[in-house]
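Colleague: Residues 1 to 168 (the UniProt record's numbering) make up the sequence shown, in order.
In short, the hints are calculated from the structure, not lab data.
Note that beta-carbon positions come from the ideal geometry of N, C-alpha and C, so glycine has one too.
Don't take every hint at face value.
Estimated spans, in silico, between C-beta atoms of each pair [as the list claims (entries may be wrong)]:
#1 Arg166 <-> Arg143: 29 to 37 Å
#2 Glu137 <-> Arg157: 23 to 31 Å
#3 Arg91 <-> Glu128: 35 to 43 Å
#4 Lys90 <-> Glu128: 55 to 63 Å
#5 Arg91 <-> Glu126: 28 to 36 Å
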Amino acid sequence: MAARAGAWVALVRWPARLASRKNYTGYAKSHNLGVRTAGAQRGGGRGAAEEEAAEAEETKEVARGWRAAQGGSADKGIYLIIICTTTPPKREEREREEKFNNREREREREREREREREREREREREREREREEKLREERENVREERGKGERERGKLREEGERERERES
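Please put together the full structure from these sequences, using the hints given.
Modeller: Rendered as structure tokens:
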């Protein structure tokens, strides 16, 4: 069994009670593994069953060797060597999580930028209010000054008139 570029190999312990090709291909499909197991690529017809049996036996031999290397009994259970054409689930899950986290971080940054823009707008409104208040005060001061000036002129006029009356 030659692995294609980008494929990965998984050695899966399979319970003896589920030991049929139908079961493990169903498992592979249900777990979205894109699996090619021993003989799974073969079409039907004569000789396919014998080839599959030979490959299954070869798989068992490899599995026995692997189990013996792991310090276990060579005959317990059934092990399948599965060549998966998809990315390993953990890496795929990690990539999905990273994408999700990146999107979340980007959304949070965008929300923060929006809050900052809102704070800036609020500061601008406050500055505008202060400018308007200053202008209003200046106008009132000018009116008061004019009023004072007018009162002063009025007083001067009255005094002038009184003096003219005295002189006359």
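Colleague: Evaluate each hint against the coordinates.
Modeller: Hint by hint, here is what the structure shows:
Look at Arg166 against Arg143: about 34 Å separates their beta carbons, and that is inside 29 to 37 Å. One distance hint, 23 to 31 Å for the beta-carbon pair Glu137 and Arg157, holds here, with the actual separation near 30 Å. Evaluation of the 35 to 43 Å hint for Arg91 and Glu128 yields a failure: the beta carbon distance comes to about 55 Å. For the hinted restraint 55 to 63 Å between Lys90 and Glu128, the CB-CB distance of approximately 56 Å keeps it satisfied.
Judged by the Cβ atoms, the range 28 to 36 Å given for Arg91 and Glu126 is violated: they are separated by roughly 52 Å.
When the structure is compared with the earlier hints, violations turn up for hints 3, 5 and for no others.
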